[in-house]
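2 protein chains.
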Amino acid sequence: MKTINVGILGLGTVGAGVVKLLLENQSLIISRVGACLNLKKAADIDVRKEKELSLPKGVFVNNAGLVVNDPEIDIIVEMIGGEKLAGDLILKAIENNKPVVTANKALLARHGNALVKASEKQKVDLMFEASVGGAMPIIKTIRESLVGNQIKSVSGILNGTCNYILSKISDNGTSFEDALAEAQASGCAEADPGLDVNGLDTAHKLAIVTALAYGMKINFDDIYIEGITNITPLDIQFAAQFGYRIKLMAISKNLGHAIEARVHPTMIPFENILSNVNGTLNAVTITGDEVGEILLSGLGAGMMPTASAVVGDIVDLARNIMANTRARIPLLAHQPGQIRAIPILPIDKIITHYYFRFAALDRPGVLSTISGILGNYGISLKSVHQKGRKSSGSVPLIMLTHRALEADVISALKEISALEVIQETP
Amino acid sequence: MKTINVGILGLGTVGAGVVKLLLENQSLIISRVGACLNLKKAADIDVRKEKELSLPKGVFVNNAGLVVNDPEIDIIVEMIGGEKLAGDLILKAIENNKPVVTANKALLARHGNALVKASEKQKVDLMFEASVGGAMPIIKTIRESLVGNQIKSVSGILNGTCNYILSKISDNGTSFEDALAEAQASGCAEADPGLDVNGLDTAHKLAIVTALAYGMKINFDDIYIEGITNITPLDIQFAAQFGYRIKLMAISKNLGHAIEARVHPTMIPFENILSNVNGTLNAVTITGDEVGEILLSGLGAGMMPTASAVVGDIVDLARNIMANTRARIPLLAHQPGQIRAIPILPIDKIITHYYFRFAALDRPGVLSTISGILGNYGISLKSVHQKGRKSSGSVPLIMLTHRALEADVISALKEISALEVIQETP
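For the record, the sequence lines run as chains A and B.
When we follow our numbering, the leftmost residue of the first sequence carries the number 1430, and every step to the right adds one.
When we follow our numbering, the leftmost residue of the second sequence carries the number 1430, and every step to the right adds one.
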């Protein structure tokens, strides 16, 4: 039987998961590929990993260069994370004619175009299913299953940490801070949760799927990003009263002349299946002109779900090797010459529905003043909710709008914020 | 640019959809494949199809043999349906070294092993994503994305007609007959709905995914099948009272030594996302040992969703042709030599929870007699619900059990049915 040699760079959580999976499910993988996927070398700067992962003798090295330059290694798996070192090693592997698997969404979002260009020049495959949505085969579905469709939109919940925190606030009425602490204690949030809760991680993933879906270059910089740090239990409670659950959504839409691509907390109606995707689960809906809406859901992160996606990519490359082919599918889902420069619409050009919460002094005429200002900007209201009168201090005034232009909303909120009766930033 | 010639057999609903998609989205497909997918010939016995579908001159033929024997045609798309003719034409195409795409689940369920054998012998690809779950990429997910996983179970809602009917009964309290008539009027049930409502269509699909998931031959004959024709609004109403929705489920589980594979109405708890998959939507959950549970949902049938899946397969084959390769992925997801004969457990060996509805005369001691018989067979009760006393006639007595063996349930029901106080078959 043919042996295909795999080299892994980085033995953190996911890298260790890939090692575990390749070793434990080896016979299963042989039955699917018809070849043996042999873990030839695994590199990490931490030499304790060799023992921790019970690596077979001779596999561990503490120099990634020994892996990407090993002429016997057929497939390189980059699991280091970060941008500079990981990117350089991927480029070196490509230069050495070795196909690469990575789950590095930050790298792809920020430097993916250069990596794709290098891969295409060398006709070497670069696979990254595990970079978006962990277990869910989002990239394969867009690149392979929906090829007959003009893709209209890709939207979903792409960060398990944020979804866990929002679910906790929703279920238990805890504060953002307490829910985050709980997420950290349970291991589903990093010690430094910045990338997650400020929406950056979600935006990295959105940049990747947006490029694949519409045939454009990866454009992370123009994505609007708003995280979940300002969400209060009160917001979630009011949303529920109106029949909505708040989720951190990644939203992208193909408007033809331009793309909408944004990450922000979003109110999802109870009857929408996404509102029931809770805890660390992720979910994505992809809408094609022919196929309608498809939903994929599953664990979006974690050691083994992510490792499973990485191994799926390794097997795809191994099947290419067995079939004596390469570069069978264009990396960005469209032929290189067909990738267009479609602009992402600035956020103030977006038209959508809005939820406002004002902390207003409970005085006569407040509602009329606020709704008057909104009306002046052409923003009409769908629902209004005002809590009962308090003897002193502010009361929450909640409004849901019909479709309105973000630029108008920004102007109106600025004017309303300046009112003497408004006690906090809306 | 290279041209890849496609020949279609059968211009019914899905065949016409494939023609439409290939013609309308041609430039989109070119941008993804880097080749032109040219509809060279399309065959149907109904000569009016040429005009109806505005086929380009010279494409229509009324003899399928002219398509499968055309030496210039690279890919054959079988959209005839039925077993004998479709099967013979597929075998002829394979013999002529032409890869084939089909959506014919009945053919695959009953004669798939022979077709797979012929394809493997000739090293010709046979693709059938559209045979299961329409728009949802179930087969690609099992064959390609989850290759690193031991698949534990595949379960779901695989028939849109049944799901539409059950949703109607649930939402409007209409009878099965009225809901069926409504489904037929709205075009989402065939004039002859037998294959759908008796569970056969679901079982065809389950036979296919079960084989792929666990590395076994296609075994349709041993699947237990129960349709939805006996479901009453009363059942759905009681299920709702207990917190469940009734769905026609295809269930398969890998027990290691044997497989469970069954199709029957199933009570799904409200908190399970599948209970919210309504109308003509389908959904499937796939559980892998590493990946956990993945959910796919989308339109399971219909002209364009199914055509989209067919075109996905055509493009996969076209990419093989462009990459100068074939038979890259084993047809049944595992290498031919690794396909095992794993038995499907007879239904009376299944252990699960049960829902009973008895029409019992409202006499003292009835509950005690019935629960006594169940107890004698080791069947313990989780919930019991008895409607208020009627002056005459029977009252519904509803019971939910803990896990019990089907064989014991059958024996107990036989004994209970014989009681004088029981008015209908339970």
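Among these hints, one or two may not hold up.
Note that the list lumps identical chains together, so a pair holds whenever it fits in one copy or between two copies.
Derived lysine to any residue pairs resembling SDA-like cross-links, with alpha carbons at most 20 angstroms apart [what the hints assert, rightly or not]:
1. Lys1552 - Thr1658
2. Lys1552 - Thr1754
3. Lys1552 - Asn1753
4. Lys1431 - Thr1754
Worth flagging that the hints you see were computed from the coordinates, not collected in a lab.
Status of the hints after comparison with the structure:
1. Neither within a single protomer nor between protomers do Lys1552 and Thr1658 lie at most 20 angstroms apart by alpha-carbon distance, with minima of 43 angstroms and 56 angstroms respectively.
2. Both within a single protomer and between protomers do Lys1552 and Thr1754 lie at most 20 angstroms apart by alpha-carbon distance, with minima of 10 angstroms and 16 angstroms respectively.
3. Taking identical chains as interchangeable, the C-alpha atoms of Lys1552 and Asn1753 lie at most 20 angstroms apart whether they share a chain (13 angstroms) or sit on different chains (15 angstroms).
4. When the C-alpha separation of Lys1431 and Thr1754 is checked against a cutoff of 20 angstroms, the pair qualifies both within a copy, at 15 angstroms, and between copies, at 18 angstroms.
Checked against the numbered hints above, the structure breaks only hint 1 and satisfies the rest.
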